[in-house]
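K.L.:
For reference, the chains in residue letters:
2 protein chains.
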Amino acid sequence: VRSGPPFPDTEFAARVARLRQEMAAREIDALMLTAPADIFYVTGFLTRFWESPARSWFVIVPGTGKPVAVIPAIGAELMGGTWIDDIRAWPAPRPDDEGVSLLADALREAVPPAGRIGLPMGPESHLRMPLADFFRLSDALAPRAFVDGSAPLRRAREVKSEAEIACIRRTCHLAGAAFDRVPEIARPGRPLDAVFRDFQALCLAEGADWVSYLAGGAGPGGYSDVISPAPDRPLAPGDLMMLDTGAVRSGYFCDYDRNHAIGHAEDALRRAHDILFAATEAGIAAARPGMNAADLHEIIAQRIEALGGVALGGRLGHGLGTTLTEWPSLQPGDETVLRAGMVLAIEPGLEIAPGRIMVHEENIVLREDGSELLSPRAPAELPVLK
Amino acid sequence: VRSGPPFPDTEFAARVARLRQEMAAREIDALMLTAPADIFYVTGFLTRFWESPARSWFVIVPGTGKPVAVIPAIGAELMGGTWIDDIRAWPAPRPDDEGVSLLADALREAVPPAGRIGLPMGPESHLRMPLADFFRLSDALAPRAFVDGSAPLRRAREVKSEAEIACIRRTCHLAGAAFDRVPEIARPGRPLDAVFRDFQALCLAEGADWVSYLAGGAGPGGYSDVISPAPDRPLAPGDLMMLDTGAVRSGYFCDYDRNHAIGHAEDALRRAHDILFAATEAGIAAARPGMNAADLHEIIAQRIEALGGVALGGRLGHGLGTTLTEWPSLQPGDETVLRAGMVLAIEPGLEIAPGRIMVHEENIVLREDGSELLSPRAPAELPVLK
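Chains as they are written, first to last, in this note's numbering: chain R, 1123 to 1508; chain B, 1123 to 1508.
No lab work stands behind these hints: they were computed from the structure. We treat Cβ as the ideally placed atom computed from N, Cα and C, and that holds for glycine. Please note that the accuracy of each hint is not assured.
Said to hold, decoys possible - One-sided and incomplete, this derived list gives chain R residues near chain B with beta-carbon spacing under 10 Å: (1) 1319; (2) 1335; (3) 1373; (4) 1448.
To be verified - Derived CB-CB ranges, DEER-like: (5) 1261(B) with 1264(R): 18 to 28 Å; (6) 1353(B) with 1236(R): 37 to 47 Å; (7) 1355(R) with 1455(B): 41 to 51 Å; (8) 1455(B) with 1258(R): 43 to 53 Å; (9) 1148(R) with 1208(B): 54 to 64 Å; (10) 1455(B) with 1203(R): 37 to 47 Å; (11) 1265(R) with 1261(B): 17 to 27 Å; (12) 1502(R) with 1210(B): 37 to 47 Å; (13) 1264(B) with 1185(R): 30 to 40 Å; (14) 1203(B) with 1475(R): 48 to 58 Å; (15) 1140(R) with 1492(B): 37 to 47 Å; (16) 1412(B) with 1315(R): 34 to 44 Å; (17) 1315(R) with 1187(B): 27 to 37 Å.
Said to hold, decoys possible - A short, non-exhaustive set of chain B residues, derived as facing chain R with CB atoms under 8 Å: (18) 1175; (19) 1223; (20) 1322; (21) 1346.
If we strip away everything but chain R, and leave its shape as in the complex, we get (with noise of 0.2 Å):
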């Protein structure tokens, strides 16, 4: 049984050809990939599993033949499944040797002792390996040089194939018909954690395989917080209640909210979904490749102001894919060019009274002529859930 999405052999083997004409401008002989997202990029191998902290598992990328993983013997068979040949395990855990010597083996065979291993150390980017472990690699593969391999990493996985966007569309969709559902679970009287509870069922019902991300908030007249655990506070008339999930199919996320009034809705949420949602029809209708990622901030956050909303500081929207946010970020200072390709959320906020925010949020994917929404798109006007 292949594990993970329904991709061909091919779609991987372009996907390690872009990662080495990055490698090659920057004089990297090998990458060495220890994150989740990165090894599912590079050979499909999808599993709950990294949920355990015990096991170290790594995938190298050389300049040429498919990649290598070194992998704990728990996760051969499911290895096996996917296009990769070389698998080389070890009885995993073994702290005094947890993988250390054969990964050194493997990596002195890539890359000359003159040579440049490239390792992901910039932004969004994690060492998922015991630190002191990676000294002692180090050490052991001295005089090679550890560099930082982001950059390869980063511009491959940000431009995504039509089989990924396929596969972002299918969750944004799912993720829709759950939101469609939320009048089933939703109204006032109803504790805001047994409203999260039942979302989550309610996205998988709909197709997801897991929902690694729900966050939310409800309260009079806006929410104070989009990232704390729902209270057991039951939801009163008047409030604003938000639901924002990372719903997750075949490995591929969604990331977007809906928003709803409860019981009725004041005039002030109104006016400030009406801002929002043409705020976000601004930055769908303006973004395209070519312009740069803090320029659709730009729009974005101009068309709050314009309406007179007062605009969240920080980003505005971000990319997304294997995880639930990916370079870059919607906002000033960023200057990532954007491509076609690329699969970003559009996330406007801002804020109707002191402490009391709304945010919306949208997924698109950008065409050669502009975009493509992902997700199936808000109402134009702020629901009510009676």
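Put chain B on the given structure of chain R with help from the hints.
P.N.:
Only chain B this time, still in chain R's reference frame:
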């Protein structure tokens, strides 16, 4: 609204006091924490926003006073609801200075130039910040030394308080209520991926806040793998099906599984189940403070062999709590001395036939005079779903 589990400030103060004992014994002036479970442990800060890799989060445990949070502004409101008073925020993402200068200032206050900063670097730990940022931080703080701070975290986190044990018991029980309802969702002809979706929904219906982990397998006469996502293959008579869940409530995990025969149970499956039930029983009966992890492994493995089974290699159990798996590992070579308050998964597995395995799992807490079950015990006989 206080986020996370309903612990009083004294719970967190006691944790920090234990950390400081371990820090003092190792001449560590301050701990620097970056990982969700470590930060949750000392602050109670609970969010699913960790799913986004865009921002770094830092908590410092200095030699005196409360911990200091150095975090993205988007989390200041939520952190403000915990017992932490000193919260320093920056407008993240800000890749040029992703909290590094703010963090360096805070560490300079807590650690003298000749001092030592403890950072978890050992087994089961990851540095959750871009590696390039860590190198920058390290340069900025010289001559202060970063040393392995794993031991204080491990020593403190391994032993759960009564409040933590109550949380884990609650999660175990809600998963048990979901397992009791497996006959509603699994029968011959139902695809395994549908069962996985429905089981997660049952966990939510029974009170899980979210379901961070579900794995398992199904196959004729046993499954071949325990970490794969579910295929869409329909369950067939003669299959053995296993579901293994890491549901979460108030930030605390369970981690145990249940096996079911589909249609009917062949003798080989019944026998394997009997052996694993007995081996689990032996582990529960033997587990007590003072013995070491390898000894407990030996008792479980020997029981399997004595009954004619072939025990799986690797570990046959592990700690759990605020992550799906924690130290120690029940395996040869792990000399960790077990202590009262440790919560463990007892997880014997055996090979039924080549490539066909069965794995049992229960969760216990060690008490002064033995162990106490936290998960409702599996039925002694392999249940059959018709």
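K.L.:
For which of the previously enumerated hints does the structure constitute a violation, in increasing order of number?
P.N.:
8, 9, 10, 14, 15 and 19
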